[in-house]
Amino acid sequence: MTDNPHHLTTPSGKPRARNLGLGFDGRPGPFNAITDVPGVAVGYATLISGDGALVVGEGPVRTGVTAILPRPRAELATPVFAGIFSQNGNGELTGSHIVEETGAFNFPITITNTHSCGVSRDGTLRWMQSVLPAALDSGWGLPVAAETYDGFLNDINGHHLTSEHVAQALDSAVGGPIEEGSVGGGTGMITFGFKAGSG
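Each residue of the sequence shown is one higher than the last, beginning at 16 in the working numbering.
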């Protein structure tokens with residue numbers, strides 16, 4: 016067991032596995048998060064609205080986008096090493112071909128619902144053009160946008176995620192302790208009939 020509060024609960028106080036008595040080999044980093052890696056920042060935009068029966072275009076909405084900046088904002092044009100492994104061959108990941116070809120990528124990574132990968136990819140490019148235009152001096156960019164399926168809990172065909180939500184997630188990215196669970200791209204996730212999420 017650990018006495019580091021970041022190992023036991025999320026910033027909002029949700030218990031982590033170690034707090035529930037589940038043991039793991041090794042010792043987590045100070046925040047028990049990918050933000051333990053220096054320079055990595057994470058941000059979210061979470062969309063929750065409506066209840067009741069599904070009405071396409073209205074809701075209920077349980078979706079969002081998670082943004083991961085692999086380097087500090089001013090250094091996002093500098094590539095980081097990367098690789099891809101596909102466990103089941105299902106799932107969209109834009110920018111995957113350049114990762115396979117070069118073993119690297121630049122720009123932020125976003126995670127969102129299956130039908131919003133294109134919006135997330137385009138929103139990332141718009142954000143980069145706004146905050147770091149020199150990163151697109153080559154005339155092109157290939158952001159990585161990954162999908163999670165939230166169609167059981169979310170009006171996935173309502174296309175509620177916008178480029179503004181992507182910018183919100185990117186702008187809110189911070190290092191240090193980060194939230195997990197029903198936030199950002201993990202908002203509507205389920206696993207084998209149980210509520211799932213990010214983290």
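Since the hints were made in silico from the structure, they are not lab data. Keep in mind that a hint or two might mislead.
Pairs of lysine to aspartate or glutamate residues, derived as EDC-like cross-links and limited to a Cα-Cα distance of at most 16 Å, are as follows [to be verified]: (1) K29 <-> D152; (2) K29 <-> E179; (3) K210 <-> D186.
FRET-style restraints, in silico, Cβ to Cβ [as the list claims (entries may be wrong)]: (4) D137 <-> P94: 33 to 41 Å; (5) L35 <-> L151: 44 to 52 Å; (6) V70 <-> G38: 27 to 35 Å; (7) V70 <-> L147: 35 to 43 Å.
Using N, Cα and C, we set each Cβ at its ideal position, and we do this for glycine too.
So which hints don't hold here, by number, going up? 1, 2, 3, 4 and 6
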